[in-house]
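> Those protein sequences? They're chains A and B, same order as listed. Last residue of the first sequence: 327 in this note's numbering, with the numbers rising by one and none dropped. Last residue of the second sequence: 654 in this note's numbering, with the numbers rising by one and none dropped.
Everything labelled a hint here was simulated from the structure, so no lab data went into it. What you are looking at is a predicted structure, and each value in this text was computed from that prediction instead of being measured. A hint or two may mislead.
Unchecked claim - In silico lysine to aspartate or glutamate, EDC-like type, Cα no more than 16 angstroms apart, as pairs:
id : chain 1 : residue 1 : chain 2 : residue 2
1  : A       : Lys322    : A       : Glu177
2  : A       : Lys143    : B       : Glu562
3  : B       : Lys574    : B       : Glu586
4  : A       : Lys143    : B       : Glu582
Unchecked claim - To give an idea of the interface, some chain B residues facing chain A are shown, with a C-beta separation under 10 angstroms as derived from the structure:
id : residue
5  : Phe538
6  : Ala541
7  : Trp548
8  : Val555
9  : Glu556
10 : Met558
11 : Asn563
12 : Arg567
The beta-carbon is built from N, C-alpha and C at its ideal position, and this holds for glycine as well.
Here is what each chain is made of, one letter per residue.
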Amino acid sequence: MNTESSPLPDNLPKRWPTWLIGMLMGDLVIGLLFGLSVFLQTAGSYQAILFPSFFLVPALGGIIASYFWRKLEPHAGQVVLNAFWMTLIALAGATIGFHEGIICLIIVAPIFYVMVLTGALLGRIWFRKSPPRLFINILPWMVLVLLAEPMTRSDSESVITDEIIIRAPPAKVWREVTSFPEIPTAPRFWLFSIGLPYPMATTTAGDFVNADRKCIFNHDAIFKEKVVELISNEKLTFEILESPRDPELVGHLTPHRGQFVLRRNANGTTTLVGSTWYTLHVRPLWYFDLWTQHIFRAVHMRVMQDVKRRAEL
Amino acid sequence: MFYFVVRYARWLARVPGLPQFFDALLFLSTWIFKRSRVEAMEALENEALRLPNVRLKNHRFGGTEFVREPQGELGHIHGQGLLDVLLTREASQKLLATGRVRPHHVFPDSRWISFQIKSMDDIPFAIELLQMAIARA
Numbered sequence: 015m016n017t018e019s020s021p022l023p024d025n026l027p028k029r030w031p032t033w034l035i036g037m038l039m040g041d042l043v044i045g046l047l048f049g050l051s052v053f054l055q056t057a058g059s060y061q062a063i064l065f066p067s068f069f070l071v072p073a074l075g076g077i078i079a080s081y082f083w084r085k086l087e088p089h090a091g092q093v094v095l096n097a098f099w100m101t102l103i104a105l106a107g108a109t110i111g112f113h114e115g116i117i118c119l120i121i122v123a124p125i126f127y128v129m130v131l132t133g134a135l136l137g138r139i140w141f142r143k144s145p146p147r148l149f150i151n152i153l154p155w156m157v158l159v160l161l162a163e164p165m166t167r168s169d170s171e172s173v174i175t176d177e178i179i180i181r182a183p184p185a186k187v188w189r190e191v192t193s194f195p196e197i198p199t200a201p202r203f204w205l206f207s208i209g210l211p212y213p214m215a216t217t218t219a220g221d222f223v224n225a226d227r228k229c230i231f232n233h234d235a236i237f238k239e240k241v242v243e244l245i246s247n248e249k250l251t252f253e254i255l256e257s258p259r260d261p262e263l264v265g266h267l268t269p270h271r272g273q274f275v276l277r278r279n280a281n282g283t284t285t286l287v288g289s290t291w292y293t294l295h296v297r298p299l300w301y302f303d304l305w306t307q308h309i310f311r312a313v314h315m316r317v318m319q320d321v322k323r324r325a326e327l
Numbered sequence: 518m519f520y521f522v523v524r525y526a527r528w529l530a531r532v533p534g535l536p537q538f539f540d541a542l543l544f545l546s547t548w549i550f551k552r553s554r555v556e557a558m559e560a561l562e563n564e565a566l567r568l569p570n571v572r573l574k575n576h577r578f579g580g581t582e583f584v585r586e587p588q589g590e591l592g593h594i595h596g597q598g599l600l601d602v603l604l605t606r607e608a609s610q611k612l613l614a615t616g617r618v619r620p621h622h623v624f625p626d627s628r629w630i631s632f633q634i635k636s637m638d639d640i641p642f643a644i645e646l647l648q649m650a651i652a653r654a
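So that you can see chain B by itself, here it is in the shape it has in the complex (with noise of 0.2 angstroms):
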């Protein structure tokens, strides 16, 4: 669903409010059919928010973005628990190398790299990929 909105109705996020309004219907689905990737998420935020000087936004396309001074935007999470993290170009090409993150769902070219949450067990390495776009500035 979330792929299929990107790909073929982007144009509808320049309706103001609507991907507010497509997060938080991701979110409420991932809440009610995968609960244990919400708990996930949850603890991501606490994480993330125990690195130095980081704290959240509502991100413009939709869900929570990560914020640092000076860096700026490190990355954000979707409501279905898709991280994209903004690494530098040596760093997300080695990442994608590994096979363990994926392009990014709209610009597979970019710096930006995506990774999905599923569980607990991918919070150490999501909390690693932003301590990466911290160390890109």
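Looking at chain A on its own, in the form it has when it is part of the complex (with noise of 0.2 angstroms):
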């Protein structure tokens, strides 16, 4: 398709730097919402930043190079691709900026683009007629809403749970929930592989409550746990006291507690129950909580399948 509308090729060095401009400002305004964000909330505990919404502040992104490329009367063909080229400015922003890890903008990436598309649509047309006065003087008013909605949230605590049957008595299993040693097979989840932090191994300080518990991630990421319930052969709970500051970790969300439940099944094998308690601090919740269960299904999964394989030995 082409890309440039006017058939006159001394435009092209005119029409260039309009695009750049366009979604170097969007990018600006995105990036400065974020960083006032983070800026006026560092004083509190910088594992809880209530992000600004990845759906409506890309969006304003794209509104606002739309103002700049305006002049321009784009195609939507064309804004689609040029809101392609500012998000990957937009994400090597991000991990220049504030030190975001590379599944974090993977993760993001695709609402990221579809929302600079939408706002950039949007702008598409509005800025024909509308005039650009008007926009000028709500911009104010949106950058502030942009910025109070996160205080408007209420944090939910969410729960994963997956299961898996072992072909072994609970007491058995039992043995090898409460710490486990290095686990030998490789990352099988696409993830991992690229570099998220995968669970290596557990330690514990006893089978008792109140014992320190680690988890051990790879990367040097470790989480310190506290055990608040212990049932025999039958349940173990433990609090997250402390998350490991992995970039790929920090601040967007907060594990507060993991379970295992042991159920004796009728035929001689055990059904490990295992669930995670968390809350996310990123929105929309719809989409990033899809990849939080993605990830958290696949952090069990290592875990309980390793459980699985050295109780069935």
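With the hints as a guide, dock the two chains, each given alone in a separate frame, to form the complex.
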């Protein structure tokens, strides 16, 4: 497809700077909004920063880009392509400015791109007729709304639960659940393969309530935990006291606690049920929760498959 | 996908921004998989703007709306190239009888008709439909 509607070659040098300025200005506003939000909240706990919505802020960035592109009267197809470049620039900026990890960027990129595109497509039509002054006047209000939106959220706790059947009695499974040595198998989950920390081993100070536990992930990421409920051969619940400051893990969610439940089956096998409770700090919830559940499921299954392997030996 | 969402998740259209998000997704998939359709949609936009006093507007349920005074909305095009046009009852029934257009995907018994744009060959007829919408006043 011809991405330049003007047939005049001498217009090209003028068009590309305009595209670029739109992308940079849109990204700049997005970056400032996220930066300002982080700056305003760093006085509190860095592990619970309420990021502005990844649904709303990129859309505003797209609208701003369209404001600068308006004189080009772009086709929707051109907007698709330039919103893509704008997203790439933003992700590069997030890596440098916010030290975001590659996994976070992979997770954020699809929603970010589609929202930049949504905003840019809306702006493309809007700025054809609406006076730009109107947009300039309402822009500060939009910024304020986006900054204030995180304060209006009520964070709710979610839980993800997985289960596996192990051909061994609960007493044998229990020994493998309370703590376990290094998992020898290589990670199979695609995000683990490209750098997301994955569980390696668990240590415990003993089989008693208030015992300290450590869940050790690769990249030296350690979750410090404390046993809060222990019913031998039945249930182990632990609070997660401290999460590692890995760039892929910090800030976006708070894991609260984990639990293993062992259920004796009539045929002599055991159903091992693993659960994790967490709170997400990024929005839109429906989008990031899909990813979080996808990832926690992989974490659960890596640990529980290894428990199964050892218990069935 | 479009028809599934329209049929089973129409209530989501009440969430501000969601129809536009969905339409951007539709347009993106059209751009990736059916580029010639996007070219046709862009051509329709250009041709529609050549009609007297027609201007573009963002459609409240996603897509681009063709507007003209005094008729108001003439029609709108969704991200996958589905053109919905508001005609007179007589004109819509006559067109439906030819089989070239379909009943509207949400309001089948209304004066609205739907026409799927697939290529540049469909543009003259799409413009004809918009002209019929202009003539309805």
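> Now, for every hint given, state plainly whether the structure supports it.
Cross-check of the supplied hints:
no., hint, verdict
1, A/Lys322 - A/Glu177, "holds (11 angstroms)"
2, A/Lys143 - B/Glu562, "holds (15 angstroms)"
3, B/Lys574 - B/Glu586, "holds (13 angstroms)"
4, A/Lys143 - B/Glu582, "holds (13 angstroms)"
5, Phe538, "holds (5 angstroms)"
6, Ala541, "holds (4 angstroms)"
7, Trp548, "holds (5 angstroms)"
8, Val555, "holds (5 angstroms)"
9, Glu556, "holds (6 angstroms)"
10, Met558, "holds (7 angstroms)"
11, Asn563, "holds (9 angstroms)"
12, Arg567, "violated (14 angstroms)"
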